[in-house]
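Q: Given the sequences, and given the hints that come with them, work out the whole structure.
There are 2 protein chains.
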Amino acid sequence: MKRKIKVVVWGLGSMGSGIAKMILGKQGFTIVGAIDTDPSKVGRKLWDILGIEENEDNGCVITNKAEEVIKKGFADVCVMATASFTKVVFPSIKMAAEAGMDIVSTAEEMAYPRVLDPELSDEMDRIAKENNISILGTGVNPGFIMDLMVIALTGVCDTVDKINVARINDLACFGKAVMVEQGIGLKPEEFSEGVKNDTVAGHVGFLQSFGMFEEAFNVKFNNVRQEKEAILTNVPRSTDIVSVNPGDVAGCRQIGYASLEDKEFIVMEHPQQIRPELENVDTGDYISIKGYPNIDLQIKPEIPGGIATIAICVNMIPLVMNSTPGLKTMLDLPVPRAIIGDVRELVDNRE
Amino acid sequence: MKRKIKVVVWGLGSMGSGIAKMILGKQGFTIVGAIDTDPSKVGRKLWDILGIEENEDNGCVITNKAEEVIKKGFADVCVMATASFTKVVFPSIKMAAEAGMDIVSTAEEMAYPRVLDPELSDEMDRIAKENNISILGTGVNPGFIMDLMVIALTGVCDTVDKINVARINDLACFGKAVMVEQGIGLKPEEFSEGVKNDTVAGHVGFLQSFGMFEEAFNVKFNNVRQEKEAILTNVPRSTDIVSVNPGDVAGCRQIGYASLEDKEFIVMEHPQQIRPELENVDTGDYISIKGYPNIDLQIKPEIPGGIATIAICVNMIPLVMNSTPGLKTMLDLPVPRAIIGDVRELVDNRE
Chain A
1 MKRKIKVVVW GLGSMGSGIA KMILGKQGFT IVGAIDTDPS KVGRKLWDIL
51 GIEENEDNGC VITNKAEEVI KKGFADVCVM ATASFTKVVF PSIKMAAEAG
101 MDIVSTAEEM AYPRVLDPEL SDEMDRIAKE NNISILGTGV NPGFIMDLMV
151 IALTGVCDTV DKINVARIND LACFGKAVMV EQGIGLKPEE FSEGVKNDTV
201 AGHVGFLQSF GMFEEAFNVK FNNVRQEKEA ILTNVPRSTD IVSVNPGDVA
251 GCRQIGYASL EDKEFIVMEH PQQIRPELEN VDTGDYISIK GYPNIDLQIK
301 PEIPGGIATI AICVNMIPLV MNSTPGLKTM LDLPVPRAII GDVRELVDNR
351 E
Chain B
1 MKRKIKVVVW GLGSMGSGIA KMILGKQGFT IVGAIDTDPS KVGRKLWDIL
51 GIEENEDNGC VITNKAEEVI KKGFADVCVM ATASFTKVVF PSIKMAAEAG
101 MDIVSTAEEM AYPRVLDPEL SDEMDRIAKE NNISILGTGV NPGFIMDLMV
151 IALTGVCDTV DKINVARIND LACFGKAVMV EQGIGLKPEE FSEGVKNDTV
201 AGHVGFLQSF GMFEEAFNVK FNNVRQEKEA ILTNVPRSTD IVSVNPGDVA
251 GCRQIGYASL EDKEFIVMEH PQQIRPELEN VDTGDYISIK GYPNIDLQIK
301 PEIPGGIATI AICVNMIPLV MNSTPGLKTM LDLPVPRAII GDVRELVDNR
351 E
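Sequence lines, in order, name chains A and B.
Take full-length UniProt numbering: the last position of the first sequence gets the number 351, and nothing is skipped along the way.
Take full-length UniProt numbering: the last position of the second sequence gets the number 351, and nothing is skipped along the way.
Since the hints were made in silico from the structure, they are not lab data.
A hint or two may mislead.
Stated by the list, open to error - Computed cross-link-like contacts, EDC-like style, restricted to lysine to aspartate or glutamate with a CA-CA straight-line distance of at most 16 Å:
#, chain 1, residue 1, chain 2, residue 2
1, A, Lys220, B, Asp342
2, A, Lys26, B, Glu345
3, A, Lys6, A, Asp342
4, A, Lys187, A, Glu123
5, A, Lys300, B, Asp296
6, A, Lys220, B, Glu345
7, A, Lys26, A, Glu56
8, A, Lys21, A, Asp48
9, A, Lys300, A, Glu277
10, A, Lys6, A, Glu56
11, B, Lys300, A, Asp296
12, B, Lys220, A, Asp342
13, B, Lys220, A, Glu345
14, B, Lys26, A, Asp161
15, A, Lys176, A, Glu229
Stated by the list, open to error - Per label pair, the in silico range of CB-to-CB distance:
#, chain 1, residue 1, chain 2, residue 2, range
16, A, Lys263, B, Pro118, 46 to 56 Å
17, B, Lys162, A, Gly284, 18 to 28 Å
18, A, Gly73, B, Asn322, 31 to 41 Å
19, B, Asn280, A, Gly284, 41 to 51 Å
20, A, Lys72, B, Glu56, 56 to 66 Å
21, A, Gly284, B, Asn64, 36 to 46 Å
22, A, Asp262, B, Asp296, 54 to 64 Å
23, B, Asp240, A, Lys290, 21 to 31 Å
To be verified - Quick partial rundown of chain A residues pointing at chain B, CB under 10 Å, derived from the structure:
#, residue
24, Cys157
25, Ala201
26, Leu260
27, Ala311
Computed from a predicted structure; not experimentally measured.
We treat Cβ as the ideally placed atom computed from N, Cα and C, and that holds for glycine.
A: Structure representation (structure tokens):
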């Protein structure tokens, strides 16, 4: 049997830890390095951090010095789950690429980096090709349910006049960072203020999804805009992290619009809130294509965000390793698929 | 502007005519040849057969002599809509490949030819590479809704324990050939006899879909089997083509099973009938994945078979033209997508 595929996991927050666990649950992977800046994690063994039993694949020591593990010949792949923005992750991506590692990033902006950072994207593409590796940003959204799946469905259409996509999800399982980003627990006036001064970030992804649509359809949208509205609750809603009183903000409804030649072409709606069931809101993913033919898809409940992002990042590893070199998006690679057997058998041309 | 993409359409039945019309509705295509054996079509102009207005892209004369249009330098692409079986279409594919044309085939078995015809598949792959072209079989099913979309959905799963796929559709719009293939209008005993002696062919595609699953997951199924049951109607059902009395056959329910290590892993159910609404049967496409996470998808009504097959064949043309040479499946290529603008802009590296 070929040697195992060596992975470095960069970032051991909720996504990175989940990615590490999923990788270790598959045959044919070994995690040779793990990077995190959290002092409570640095110096401990990976299995200890993840709360799993020790074995030969999970014994690496968490380091906060990336250069200890991001170096030539040390690993085949680096999975990064550290930040949302291309500019922030670019130096890490450059480092891992120059160390000859294929890269999968959870950064939302990296799902389609060209839309906000065309120069950095050119630079990443150049570095990837120089080092004969590939770089992919992915996740459930952006990267899959509100863009890739929609685009794939248009593949059975002759004409497409209008696309509506909605993702109505429950944030109850998420941690403090997400509650702050979405403005959950704020008074309505604090939410408005937060939207103005960008402390209520909302969903990062619509612009990237629009970029994927533009590339897939080879069009240029106009009137691209986004709105963020507070979802005010009529009933008390609470999680382990936050309690929201009636009249206060239980979530953020983000709406994105893009037109083709001034005609509204895509509307994306993404109301994210805690415990929507308390007001009888059904969660789900909804795709409606008006054209020839019309297509109406629903997935109820919605594809759960956390595990789905973890899974797609891991499942794309063999496809990224098999790809031609360069900066890639989900549009460039074959469709994702679950890893069921030994991952080594999915990777072409390895020594 | 680059010159238009030259297409030969081989077969002008219901699928082929639809493909020709759709191609002519897009910018950047021209149809330079059309082949059919029907004496009522041969010698007439394409626009006349299609019932559309004449223009510079639709004036070719229908021929029954393939060699008149399947020759080197005559076209970039050949779209074939002639038959369901690999062995039947192979000689045409070989001829078009040796004439240097990229090929899209509607033949159901060509969606995954390797499962029934591994040697012919090797041969097609070799010929494709020798002639620097690509060959793809596709359609709505097999090729998209009961396989590719299911596989893509597993891409957001950590584990997959069991997959159920159902496509409940209405055949009322189809012609006589489909009615005969599905045994519609027969007495129950005639249907049973037809299943035994293969005159009731049912759906061609489950074995191909299973082959795609096996490749995507890198597994080998066992206990692969199919059943065909008559759908007996309780009420009179009729179309322009056929009238079915209560107690007789209004359709064929095909069920396919595949196991992984003796555990049932995929069940595909495809009841095809005329006018299911007369007995309050909802049509739709349904995908259920049991695993982590569970995913339940529905598309109601179902993606309509005819136009969807036409559309995916046309929409895949630029992706096939951009592909590396060889025999390809939907697993090898990027996701399908509607052609919205000028198709020439979607094709890389053309003179």
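Q: Next step is simple, just say for each hint if it's right about the structure.
A: Against the structure, the hints:
Only pairs whose Cα atoms come within 16 Å are accepted, and Lys220/A paired with Asp342/B is accepted, the gap being roughly 13 Å. For the hint linking Lys26/A to Glu345/B, the alpha-carbon distance of about 41 Å lies beyond 16 Å, and the restraint is violated. Pair hint Lys6/A plus Asp342/A holds up; C-alpha atoms about 14 Å apart against a cutoff of 16 Å. Under the criterion of a C-alpha separation no larger than 16 Å, the hint pairing Lys187/A with Glu123/A is inconsistent with the structure, at around 43 Å.
Distance restraint check for Lys300/A and Asp296/B: the Cα-Cα separation of roughly 6 Å lies within the 16 Å cut-off, and the hinted pair is therefore satisfied. The suggested pairing of Lys220/A with Glu345/B holds, with an alpha-carbon distance near 13 Å, which does not exceed 16 Å. Between Lys26/A and Glu56/A the alpha-carbon distance is near 13 Å, which keeps this suggested pair within the 16 Å criterion. Proximity of Lys21/A to Asp48/A is assessed by CA-CA distance (about 12 Å); at most 16 Å being required, the pair is judged to hold.
For the hint pairing Lys300/A with Glu277/A, the CA-to-CA distance comes to about 13 Å; that is within 16 Å, so the pair holds. This hinted pair checks out: Lys6/A and Glu56/A have alpha carbons roughly 12 Å apart, not beyond 16 Å. At roughly 6 Å between alpha-carbon atoms, Lys300/B and Asp296/A fall within 16 Å of each other, so this suggested pair holds. For the suggested pair Lys220/B and Asp342/A, the alpha carbons sit about 13 Å apart, so the restraint of at most 16 Å is met.
Straight-line distance between C-alpha atoms of Lys220/B and Glu345/A comes to about 13 Å, which keeps the hinted pair within the 16 Å bound. Distance check on the hinted pair: Lys26/B and Asp161/A sit about 15 Å apart at the alpha-carbon level, within 16 Å; holds. In summary, the hint linking Lys176/A to Glu229/A is not supported, as the alpha carbons are separated by about 20 Å, beyond the 16 Å threshold. The beta-carbon spacing between Lys263/A and Pro118/B, approximately 49 Å, falls within the hinted interval of 46 to 56 Å.
At roughly 22 Å, the beta-carbon separation of Lys162/B and Gly284/A lies within the given 18 to 28 Å, and the hint holds. Between Gly73/A and Asn322/B the Cβ separation comes to about 34 Å, which falls inside the hinted range of 31 to 41 Å. The hinted range of 41 to 51 Å is not satisfied by Asn280/B and Gly284/A, whose Cβ atoms lie roughly 24 Å apart. Under the hint 56 to 66 Å, the C-beta atoms of Lys72/A and Glu56/B, about 58 Å apart, fit the expected range.
For the pair Gly284/A and Asn64/B, the beta carbons lie near 52 Å from each other, so the given range of 36 to 46 Å is not met. The hint said 54 to 64 Å for the Cβ distance between Asp262/A and Asp296/B, and at roughly 38 Å that hint is violated. Roughly 28 Å separates the CB atoms of Asp240/B and Lys290/A, a value that falls within the hinted 21 to 31 Å. Hint on Cys157/A holds. Least Cβ distance to chain B is approximately 5 Å, under the 10 Å limit.
Checking Ala201/A against chain B by beta carbon gives a least distance of about 23 Å; that is not within 10 Å, so the hint is violated. About 8 Å separates the beta-carbon of Leu260/A from the nearest beta-carbon of chain B, less than 10 Å, and the hint is met. Satisfaction of the interface hint for Ala311/A is found here, the shortest Cβ-Cβ separation to chain B being roughly 5 Å, below the 10 Å cut-off.
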